[in-house]
Amino acid sequence: MSKRVESLEDVTIRFAGDSGDGMQLVGGELANTSALIGNDIGVLPDYPAEIRAPIGTIPGVSGYQLHISSTDIHTPGEKYDSLIAMNPAALKTNLENLKPNGILIVNSDSFKSRNLQLARYESNPLEDGSLDKYQCFAVDMTDLTRKALRELELGNKVVDRCKNFFALGMVFWLYNRTMDHAVSLIKSKFAKKPELVEANLLALKAGAAYCEMTEQFINSYEVKPAKLKPGIYRNITGNSAIALGFIAAANRSKLSLFLGSYPITPASDILHDLSKYKHFGVRTFQAEDEIAAVCSAVGAAYNGALALTTTSGPGLALKGEAIGLAIMTELPMVIVNVQRGGPSTGLPTKTEQADLMQAFYGRNGESPLPIIAASKSSDCFESAYEACRIAIKYMTPVILLTDGYIANGAEPWSVPRVEDLAEIKVTYAKDPETYMPFLRDEKTLARPWAIPGTPGLEHRVGGLEKEADTGNVSYDVRNHEYMTKMRAKKVDNIANDIPPIEIDGDQEGELLVVGWGSTFGATKTAVDKKRQEGKSVSSIHIRYLNPLPNDLGDILKRFKKILVPEINSGQFVNILRAKYLVPAIPQNKVQGLPFFSSEIEEKIDELLGDA
Amino acid sequence: MSKRVESLEDVTIRFAGDSGDGMQLVGGELANTSALIGNDIGVLPDYPAEIRAPIGTIPGVSGYQLHISSTDIHTPGEKYDSLIAMNPAALKTNLENLKPNGILIVNSDSFKSRNLQLARYESNPLEDGSLDKYQCFAVDMTDLTRKALRELELGNKVVDRCKNFFALGMVFWLYNRTMDHAVSLIKSKFAKKPELVEANLLALKAGAAYCEMTEQFINSYEVKPAKLKPGIYRNITGNSAIALGFIAAANRSKLSLFLGSYPITPASDILHDLSKYKHFGVRTFQAEDEIAAVCSAVGAAYNGALALTTTSGPGLALKGEAIGLAIMTELPMVIVNVQRGGPSTGLPTKTEQADLMQAFYGRNGESPLPIIAASKSSDCFESAYEACRIAIKYMTPVILLTDGYIANGAEPWSVPRVEDLAEIKVTYAKDPETYMPFLRDEKTLARPWAIPGTPGLEHRVGGLEKEADTGNVSYDVRNHEYMTKMRAKKVDNIANDIPPIEIDGDQEGELLVVGWGSTFGATKTAVDKKRQEGKSVSSIHIRYLNPLPNDLGDILKRFKKILVPEINSGQFVNILRAKYLVPAIPQNKVQGLPFFSSEIEEKIDELLGDA
Amino acid sequence: MATTVKEASNGDTQLKLTKKDFESDQEVRWCPGCGDYSILAQTQRSLPDLNIPKEKYVFVSGIGCSSRFPYYMDTYGFHTIHGRAPAIASGIKITNPDLSVWVITGDGDALSIGGNHFIHLLRRNLDINVILFNNKIYGLTKGQYSPTSEYGKVTKSSPFGSVDHPFNPASVAIGSGATFVARTMDRDPAHMQAIIKRASAHKGTSFVEVFQNCNIFNDGAWSKYTEKSTKQDNVVLLEHGKPLVFGTDKDKGIRLNGSTPEVVSLTNGKYSEADLLVHNENDTDSTHAFILSHMMDNPNLPAPIGIFRSLEKTCYENALNEQIDAAKEKFGEPDLQALLDAGDTWEVK
Amino acid sequence: MATTVKEASNGDTQLKLTKKDFESDQEVRWCPGCGDYSILAQTQRSLPDLNIPKEKYVFVSGIGCSSRFPYYMDTYGFHTIHGRAPAIASGIKITNPDLSVWVITGDGDALSIGGNHFIHLLRRNLDINVILFNNKIYGLTKGQYSPTSEYGKVTKSSPFGSVDHPFNPASVAIGSGATFVARTMDRDPAHMQAIIKRASAHKGTSFVEVFQNCNIFNDGAWSKYTEKSTKQDNVVLLEHGKPLVFGTDKDKGIRLNGSTPEVVSLTNGKYSEADLLVHNENDTDSTHAFILSHMMDNPNLPAPIGIFRSLEKTCYENALNEQIDAAKEKFGEPDLQALLDAGDTWEVK
Ligand SMILES: Cc1ncc(C[n+]2csc(CCOP(=O)(O)OP(=O)(O)O)c2C)c(N)n1
Ligand SMILES: Cc1ncc(C[n+]2csc(CCOP(=O)(O)OP(=O)(O)O)c2C)c(N)n1
Ligand code: SF4
Ligand code: SF4
Ligand SMILES: [Mg+2]
Ligand SMILES: [Mg+2]
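Residue numbers (my numbering), protein chains in the order written: chain U, 1 to 611; chain X, 1 to 611; chain F, 1 to 349; chain S, 1 to 349.
If you're looking for bench data, these hints aren't it; they were derived computationally from the structure. A hint or two may mislead.
[Claimed, not checked] Computed cross-link-like contacts, DSS-like style, restricted to lysine-lysine with a CA-CA straight-line distance of at most 25 Å: (1) X:Lys-430 to F:Lys-16; (2) X:Lys-579 to U:Lys-579; (3) X:Lys-276 to F:Lys-142; (4) U:Lys-254 to S:Lys-142; (5) U:Lys-276 to S:Lys-330; (6) X:Lys-224 to X:Lys-205; (7) X:Lys-157 to S:Lys-142; (8) U:Lys-276 to S:Lys-328; (9) U:Lys-561 to X:Lys-557; (10) X:Lys-430 to U:Lys-579; (11) F:Lys-142 to U:Lys-187; (12) S:Lys-142 to X:Lys-276; (13) F:Lys-16 to F:Lys-197.
Given these sequences and hints, build the entire structure.
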């Protein structure tokens, strides 16, 4: 039978199975292979808060969604073209978003009564006709994998764990992907257990062969490489990109890098990543808690290091008091908050943007600091780098916001050339004659950085209010007001040191959609589409949330309506309303998931009228 | 010589001396005596952050300011009519605000070269003519006290510590106060050391006698009783009133009272006070830190107690994560934050209103809770009571804001009759048939309170998102959105359960001054005065900061201009601007001091034009 | 959720509860093979014997795999925030001393972020039972080293080996003034049940360290002590009043050399049982328990299992309630109006 | 602020610093008579002998009366937030092991809010010196009981007497794995100076508890140990290698009965010095130090003063730096571009 290959502009695929089924692994591998082929990709890993919930249950389902495209894309897709469901629970929780007539591959071996029951199915969906509106392929993957691996004489338990690669093999055949990268992944991942290398390779090939041999699949598909900007690319998650951004900033500023951190989902990978780079002189300190983590960073900053701390929402809540100390002592550091679903422990593995106000105000007293948010996984590098630049130049703690979605999501990243990175100049104070701990630089209003070990600059800092210039403790009431204003002014002035806003679309019009953080992808996709439909809608994306860009007020006034989509109950929208007195309209989604571009499209239609 | 008594409407007196000079004691005594006479009073204690800074230095100065009036007043006064300065440093730091031709009583014994030097005086102000514009009385208090106490044969050290009562005796004479209360104070305070009773009584009388005998003082003054609303009055500080408010709420709701707290200035006195009332069944737990303090309260709340925690700004920062847990588990408790100067350790003994945004947003995720602020010392009772009522009725943590000024300040309080207090009804769940942990009351949206020990209601709560009704852990995305909205709605609905705003002045006009918290006194005084001058200005005071009163939006729109004075850099003003899109104007003072009414008057003039 | 308690009193009546009565309707969500299952089962098996009505139990936990425990118990339960369970449990116990309060925690939860609350609970000696699931790893966050991980441990956050010296949880507890300290393991159900019951019986804070296997991120961390083949030579079972004897053939013992314990052979004629350290749970001096607690830190010594220390001492909540009772006695029925009217008052007419 | 260091090196050259070199220009703001003055003076007197250039000192404190200390030292100093000094000091030491880092703290600061950071610092054994000013009270907040206040203590927050059992700071430290533990007092300047110098010399975390009098809120809390008339009978001075002898006429000694210390008379002929417990600072087993640490809890025993334990053990920052050096050795000069380009890359033209 000759293979009919249909060419698609883009395709969305979702793997879903038990937490132990290895869905993240094969999903990630399909992403890497596609990126290497030259597709643009967007991914959304989605896994439970338990390490491994009981097998076969709904809470135990782990999903990995991947959007592969031949054009520039910005989201992990919405409705899937294909769903691979390894058990009934995976089918149950994911079917809703499979497109009508979409491809549904299920591991039919697992549709036994116990599993059906665990997934709360009354009858077997493979038999009751409920899947008729899809192209459903029920494949006995367990059985087929066992057969394919029979020769190896491995236990069933080991063999059954290979069926994820069987499924991947099928998808590879279906979407005409090369197996080269998957082969080398298997070889390196199981290097210490050669029998597993062979087993998984066999499973992978068996999956592809199954599609080739059976006559079930009439079509196969391809997605041509995307036309990305020229450059060297690699696939990267937001958390890895942040780690690299910090190393780059330390390297360029010639500061030593210090991270004080306490593990927390979904931020831990930054700690894991940075722990590896000891030869870059990176010092990571796994502290006893978040307070010790941020405090150790304050100590490192006092000592002249490029100091970091990384966390997620509940951890940021704990760090508030110490961030206040860094503000009072005017020490440079970067606090990364990878937002997750709240309040409290909330939904630890889901995404949310609900810590913006906490970043602004989660401390006692008047304690302003710069806030930056990354817009997508690949933007995390530059955002981290920029956060460091500002922290050092202005002697201030900076909060960098990302979220679970872009932290774990991956996409192609155009790897920068080191020589193109912005300069980060550091000058430690040296001269005992002119040194005063709180004598500010006229331009930046930054105080000098005098580090322990420097002869003649011995001085004391602390959390009590300090006298201008000398830095001595001062209870003088007017000095307090003056210093409060200077701390605020120093941060406000940073607005003069950031690039102007780029408007995507017309410079004025009916509607402006304002994004921040990870709403970037869905917003851009939606607005682009609506503009193509001829609607008067533009979008801007705000990386610098505090201080806001100087030109923002002007831009807002040029549009009749302003829409602010956020994965929270409406936070940034209030900042805009309070500051510019514009009737900005919130669009909110609090479902632990990023926006679908269609949701924003609908809102745009609603605001502009459907005409 | 016959005494000429001049009658004054009101008078402002300031005692200032070394931290060890006992100024707070005699200042407080003058306040109590005046209150008992029937004056309205307002006080402002003002002491250094050190327990006792080195004697004679400027940072060591402790002040106590008292406003005594025959009319209803709302502030501790501004410029003083009389200043009692016990040493050069006290003179130096306080002279600025003495009215021209005001009465200045100095302890001339302490104007020796060492003290002058410590106070950074180049020449002796008693000799260089710099005090000519005041009625200056240089009195050798140390020497006169020693002489008066000679018979007792006590050491000089002991004798010298009595000179504060000598000074008080002078002031008593000068303002024609009865000594009865002071005499009983001395008797009870020094009950264990009879020799000190005698010594201080002698000093007190000697002070008065000195004025009577010498011909220095031509005039003496009196301030007639104020015409307060009928009732039983006592003088009370904000912190004591809070403690009583809580006891009253516990008593009326028949709940047992639990306070988990960690000492911190200026909130510690609430802990001290409540620790005394063991016979009211009050359990106080001095925890190892603020986190343990709030957590113990969460545990007590889970257990069906009326749970409290008290702190100041840095402590609130530490409590954020656990407050989020109380929000997620929907447990009732009251968090008192007595605001002080920030950021960080800041100015611990000074006042500020800079934790409002922290109260709103100092936690991860979408975590709304009700916020109430007390307006003056005597209002703390009702505010505390009301915070309890709302917490219990709506099963929610409530933040109650006060500040150092009203917490330490004292004023006459019209003691309520127990039977007039609002009802606080508590119903614990009992019925295993109908019980579900998160099944909400239709009206209040509160979940049922089922306390450990109740047979058949065994259930689990926690910080993870929970399924509506059942309270089981749920990662369902739509349930999360639903629960997020329900938590917000429950808090928003409280707006239907609070009294309408009272407008002080016309119902519409040119200018509305909006106060919250301790700006009440200065705002009211200023607006009353300007209205008497015929200006079109009204004022409102907002006790319920979240949710805001339903009628607020309407009221704001009836005025052309809106002014929001705050002891911070502008916080509440932004809440109003964001919510109502009104161009409210901030008036800010960040000097660790309350507003003077004159400052608000000036601002009113500026906004309305001087005409 | 309906209670199956036969008699809702705490008196002498036998309540006749069973393991099933303590099983909630929630699916247990640990990895297959996790040691947590055994601890849950032993707890559910032990509680019926305590003859406490089930509505009087409150299980309080922090965050971690172990801290999911309360969801699986059909009692009152509170899954709180990371590290804070002791503080929340304190608020519960103080406001109702009548409850049987249990803190379920992990090595990270109790000793890393929660270290301070842990030691303060021990010193205050509230009558709360603390069960620490020690798997020497952060399970829930997928495998970083914990404060009990061994020096040099390679984990996700220590790819070059950890440079933290570990805590010995029992030593920390004794240094903090703990009145009841015990150690048991997931693989010894009978022993664990006995310890759970003793912990419950102790008035004051009971601290129980459980060797727990995390088969995903730290498999076999305790196998030396738990596997049949090696257990006898590496574990010494503590029995009150008995000398410390161990080994497959009970051929070895522990003797004090000064204050330092050492292993002696009982078969070479040099030492007999009479020379050995005799276990005394109730020693008022905490040194004996301290010696036992850190024997494990010395690779040449076996790890003691059992009750290191059990000593009566005033419980915080009892002392507090006595003060309250005394104050009520002294000042009589509280009169709110009188309280409000107290101090110097005056009347305006 | 200009340094008076004669030679800015840390070599053999004598720096010739004096007490004055360590006095800052800030007015000292403690109550007259406060024990803190003596600790400040002894520190300023001791440092010149350490021969460390003054720019290499960093004094880090939390919040409390005691924590004002750094302002008065003309060295680098950081007055941080309540309880967190050990964590901040850790960040300092890790990023520059060449500095001499000191943590100044109080009983509330170190043991109440800061308890967790304190015990974790001790277990990690960073080369930091911790001086705890123990006045058994919260001074700065005007007199509430602290974690070292005695049971039953009447204070502002415990008008009916505290129902908290106190910590013994030295026992907590030893239970947490401290490698250097010592005790001294504000009223014994010479002893304190000696201890400060030894603490500085120790590589690893040095913990020094100082009995400090707060004459305003807890006057005389230590007088039993510090007053001439009672000191001899209530304090035993620890000297390495010597038996524990004390009493006005050196007539009493401490003997171990099993592992429990007891006082014996040296004059009634029953016991001689040979029967006494001999002090060994360097005992690898921490039991000896633990016994000494909690002798004070027993009112019949004297309080030991001196160095309880001094043991070398890898310091966190050294181990970390060795890993970094080894990694650099192994992977060569860091090449940022190569790092960014690592992994699977592809080129778009
Ligand atoms: C404030 C906060 N910080 C960090 C976390 C992330 N976190 C959850 S559990 C855990 C450690 C769990 O280790 P352990 O207590 O040993 O429990 P185990 O999972 O091993 O049973 C961490 C770091 C959190 N949930 N909250
Ligand atoms: C977060 C925080 N909580 C509470 C306080 C208030 N506070 C300041 S010092 C102190 C206790 C001081 O006691 P201690 O450490 O013994 O020092 P001392 O004053 O006795 O020297 C407290 C509770 C604070 N400054 N910050
Ligand atoms: S990760 Fe480890 S501790 Fe957690 S459930 Fe799995 S096996 Fe148990
Ligand atoms: S309050 Fe006590 S500890 Fe503080 S300075 Fe005064 S005497 Fe010293
Ligand atoms: Mg663990
Ligand atoms: Mg103290």
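For each hint given before, does the structure comply? Return the numbers of the non-compliant ones in rising order.
Those not satisfied are hints 3, 4 and 10.
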